[in-house]
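2 protein chains.
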Amino acid sequence: MDYRFSEKVSHIKASAIREILKFTSQPGVISLAAGNPAPEAFPVDEITRISKEIFEEDPILALQYSISEGYTPLRDLLKKELEKKGEFVPDRDELIIVSGAQQANAMMAKVLCDPGDILCCEAPSFIGSLNAFKSYNVDLRGITLKEDGIDLDELEEVLKTGKVKLIYLICNFQNPTGLTTSLEKRKGAYELAKKYGAIILEDNPYGDLRFTGENVPSIKSMDKDGIVAYSRTFSKILAPGIRVGYISAPKEIINKMVICKQVDDVHTNIWAQVLAYKFMTQCDMNAHLEKLRAIYRHKCQLMIEQIEKNFSSKISFTRPEGGLFVWCTLPDDCDMSAFCTRAVKEFKVAVVPGNAFMISESDHTTSFRLNFSTPTDEQLVAGCEMLGKLSKEMFGE
Amino acid sequence: MDYRFSEKVSHIKASAIREILKFTSQPGVISLAAGNPAPEAFPVDEITRISKEIFEEDPILALQYSISEGYTPLRDLLKKELEKKGEFVPDRDELIIVSGAQQANAMMAKVLCDPGDILCCEAPSFIGSLNAFKSYNVDLRGITLKEDGIDLDELEEVLKTGKVKLIYLICNFQNPTGLTTSLEKRKGAYELAKKYGAIILEDNPYGDLRFTGENVPSIKSMDKDGIVAYSRTFSKILAPGIRVGYISAPKEIINKMVICKQVDDVHTNIWAQVLAYKFMTQCDMNAHLEKLRAIYRHKCQLMIEQIEKNFSSKISFTRPEGGLFVWCTLPDDCDMSAFCTRAVKEFKVAVVPGNAFMISESDHTTSFRLNFSTPTDEQLVAGCEMLGKLSKEMFGE
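Going down the list, the protein sequences come from chains A and B. Under the numbering used here, the first residue of the first sequence carries the number 5, and numbering increases by one thereafter. Under the numbering used here, the first residue of the second sequence carries the number 5, and numbering increases by one thereafter.
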């Protein structure tokens with residue numbers, strides 16, 4: 005049988021990260037390629053207790069069909085939380101609970117983009133979102149990401165085509181670079197979106213994981229024109245396996261997303277939504293987040309120290325103020341691809357080659373991504389030592 | 005702000021059922037309009053115990069990221085179950101776990117259909133699936149559903165266009181009609197799909213809920229040509245709130261669905277997958293299903309009795325051998341819409357007008373759907389008495 009697939013999916017491929025992760029399951033391989041929260045970051049005891057409580061108190065609530073908008077007490081609580089943080093104050097109909105931020109971002113493309121519409125994103129950017137956008141046949145345009153955020157001139161050039169529907173930005177501790185967009189760049193992107201009639205999709209999965217430096221206001225908090233959607237997730241602050249995220253946007257957009265959610269998967273697992281609600285109301289969220297920040301602060305510092313100690317001086321790297329990733333870059337004349345391949349095959353350390361995060365994997369880059377959240381301290385040190393050895397062998401001291 | 009939505013979603017609307025369900029939350033309204041499992045059908049004690057066990061045994065498994073294909077032990081178990089039932093024997097890469105059968109069906113359209121491709125379905129059919137297909141801009145064609153399944157001549161006429169990608173069928177106790185497709189019609193549909201190069205999507209949410217009559221082999225069990233996909237769900241046999249379903253299809257299609265799943269929502273809530281696995285392995289599934297069948301057999305019989313006793317003889321109705329629904333039809337000169345509206349507004353009984361299940365809500369029908377799974381026996385009797393009173397007032401004895 006010769007299957008004829010839709011144009012939408014015929015050109016998308018399995019994530020390159022997944023291919024590399026296959027190597028990580030081989031015995032003896034240290035993975036600095038993942039993006040999972042540290043296992044010690046999960047509040048196991050609290051979740052165990054709360055899950056039990058859910059079934060003791062109201063098992064039918066956790067088992068019966070629920071509404072597509074999401075568990076109402078959780079929606080109302082998230083509104084209060086956003087208000088308390090000084091972010092912004094969405095009405096109830098300006099927020100929908102979804103199955104992780106991945107679904108929120110994919111749905112934004114489904115709801116807003118026709119094939120050929122332009123979607124601008126940072127280059128590099130999060131591969132999961134890029135593939136989600138590609139699965140709706142959008143015309144993806146990468147805007148160069150600098151130390152303080154995307155190049156606004158480059159963005160405006162693309163906006164001038166009049167075909168840009170969405171601008172996708174991860175402003176805090178971006179995946180894969182760990183970079184944070186400055187307040188000026190956030191304001192600039194907002195003004196440009198407004199000027200050219202585009203919607204900004206601000207993805208903030210790591211916002212609560214700032215372990216150093218000062219908070220920068222979200223673009224959504226500046227939104228007076230109804231042009232910003234803002235997605236977050238419980239994956240990095242509670243647990244990714246429960247698949248709970250949310251997105252806040254103008255109610256016209258949320259209305260469409262509710263219909264979309266209804267036809268795509270009816271509603272998000274309701275046990276997980278009640279769990280998130282009870283965790284937020286019964287536990288000390290600030291103390292929990294401080295614990296997570298301490299874990300990642302430590303792991304990030306350890307990685308930076310090890311890079312400084314071991315890596316060839318040819319390799320430059322970012323110094324993230326939060327999140328899970330460090331981005332390393334080789335000079336233009338170095339063979340990054342050979343480095344990553346030798347790293348995993350000969351030195352048994354997996355990293356993600358930077359082209360996995362480019363609009364097209366054939367786009368030139370000499371960068372690679374390191375993750376510090378998943379490995380143990382011992383693995384992190386050993387992994388960086390091996391990468392250091394290889395880097396010096398290939399590129400000199 | 006004048007939001008420009010994608011063509012895909014600009015024409016889909018919130019389900020008509022949802023609008024009617026709004027009335028059901030008014031005090032005193034009896035709902036025969038839902039499609040929820042009976043609350044007493046949930047194995048609450050077993051689920052409570054198993055959930056506790058999951059967190060005692062391996063909490064990280066239930067909280068960490070998992071793979072897009074689904075929990076491997078559950079995939080392997082479902083293969084064995086299908087084999088044991090004499091259905092068919094999928095390889096592991098011919099089955100993916102998804103967030104309910106709704107997601108499986110929506111994804112089939114995403115993976116296979118370009119805008120304008122024809123998708124044939126029973127008329128009437130399940131509104132959730134129809135809206136999911138519409139959200140990918142397919143050209144939906146309803147094929148008249150008769151007592152023993154769709155009109156095959158009508159199907160062939162559409163297939164002759166050469167533009168049919170998918171044929172969507174609910175062969176067992178169909179939603180909304182409760183009708184079961186005969187073996188002959190199943191074979192006939194398969195042969196036609198093969199002849200014209202179309203894929204059949206066989207949705208079987210109610211298959212385990214046969215409470216009378218003999219099992220009819222699935223179309224998938226006849227598939228020698230790799231042209232049938234088969235979706236099922238735990239919603240009706242375990243709990244819909246956990247959102248776990250699966251689909252088996254040729255591995256080329258499953259491969260595409262895995263990528264689709266990865267970009268749409270990464271993976272299905274892993275706690276729920278482990279729960280389904282443990283329930284199937286630790287509990288007596290046969291005894292559990294017999295209990296469910298007894299509940300629905302009783303409720304269906306009660307509804308049929310009440311219809312016979314109370315309704316105007318002008319109303320004909322189906323006698324389902326399983327599932328959750330009875331389909332009632334008025335003569336062509338009767339005003340079904342007025343009947344449904346008066347039923348909920350004056351007589352405080354909610355039913356779903358049949359046009360909610362047509363390809364277009366403006367398509368003519370004089371039918372309406374009754375649900376017997378959700379109401380209590382008392383509500384069911386009282387509801388049918390009120391509908392009977394109204395029907396005799398409007399249409400005579």
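Hint data in this document are derived by calculation from the structure and do not stem from the laboratory. A few of these clues could be false.
Heads up, the list lumps identical chains together, so a pair's fine if it works in one copy or across two of them.
Quick list of in silico lysine-lysine cross-link-like pairs, DSSO-like style, CA-CA up to 30 Å [as the list claims (entries may be wrong)]:
hint: 1; residue 1: K255; residue 2: K17
hint: 2; residue 1: K83; residue 2: K17
hint: 3; residue 1: K150; residue 2: K83
hint: 4; residue 1: K56; residue 2: K295
hint: 5; residue 1: K167; residue 2: K83
hint: 6; residue 1: K17; residue 2: K228
hint: 7; residue 1: K313; residue 2: K198
hint: 8; residue 1: K352; residue 2: K138
hint: 9; residue 1: K56; residue 2: K17
hint: 10; residue 1: K393; residue 2: K352
hint: 11; residue 1: K164; residue 2: K56
hint: 12; residue 1: K84; residue 2: K150
hint: 13; residue 1: K198; residue 2: K17
hint: 14; residue 1: K138; residue 2: K167
hint: 15; residue 1: K150; residue 2: K313
hint: 16; residue 1: K349; residue 2: K164
hint: 17; residue 1: K191; residue 2: K56
hint: 18; residue 1: K282; residue 2: K56
Here the structure is a predicted model, which means the values were calculated and not measured.
Comparing the hints with the structure gives:
Taking identical chains as interchangeable, the C-alpha atoms of K255 and K17 lie at most 30 Å apart only when they sit on different chains, with a minimum of 15 Å there against 33 Å within one chain. For a Cα distance limit of 30 Å, the shortest separation of K83 from K17 across copies, 26 Å, qualifies, whereas the shortest one inside one copy, 37 Å, does not. In the homo-oligomer, the alpha carbons of K150 and K83 never lie at most 30 Å apart, since the shortest distance is 32 Å inside one protomer and 50 Å across protomers. Taking CA atoms no more than 30 Å apart as the test, K56 paired with K295 passes in both settings, with 24 Å inside one copy and 25 Å between copies.
Neither within a single protomer nor between protomers do K167 and K83 lie at most 30 Å apart by alpha-carbon distance, with minima of 33 Å and 47 Å respectively. In the homo-oligomer, the alpha carbons of K17 and K228 lie at most 30 Å apart only across protomers (28 Å), although the nearest pairing inside one protomer, at 38 Å, exceeds that limit. In this assembly of identical chains, the alpha carbons of K313 and K198 never lie at most 30 Å apart, being 46 Å within a copy and 65 Å across copies at closest. Taking CA atoms no more than 30 Å apart as the test, K352 paired with K138 passes in neither setting, with 32 Å inside one copy and 48 Å between copies.
In this assembly of identical chains, K56 and K17 lie within 30 Å of each other by CA distance neither inside one copy nor across copies; the values are 40 Å within and 38 Å between. Taking the shortest alpha-carbon separations for K393 and K352, only the intra-copy value of 12 Å comes in at or below 30 Å, while the best inter-copy value is 77 Å. Proximity of K164 to K56 under the C-alpha cut-off of 30 Å is found in neither arrangement, the shortest distances being 55 Å within a copy and 56 Å between copies. In this homomeric assembly, K84 and K150 never come within 30 Å of each other (Cα to Cα): the closest approach is 34 Å inside a single copy and 53 Å across copies.
Taking the shortest alpha-carbon separations for K198 and K17, only the inter-copy value of 28 Å comes in at or below 30 Å, while the best intra-copy value is 34 Å. Taking the closest pair of Cα atoms, K138 and K167 come within 30 Å of each other both inside a single copy (16 Å) and across two copies (25 Å). Taking the shortest alpha-carbon separations for K150 and K313, only the intra-copy value of 25 Å comes in at or below 30 Å, while the best inter-copy value is 76 Å. For the identical chains of this complex, K349 and K164 are neighbours neither inside a copy (46 Å) nor across copies (54 Å), given an alpha-carbon limit of 30 Å.
Proximity of K191 to K56 under the C-alpha cut-off of 30 Å is found in neither arrangement, the shortest distances being 46 Å within a copy and 48 Å between copies. Taking the shortest alpha-carbon separations for K282 and K56, both the intra-copy value of 12 Å and the inter-copy value of 17 Å come in at or below 30 Å.
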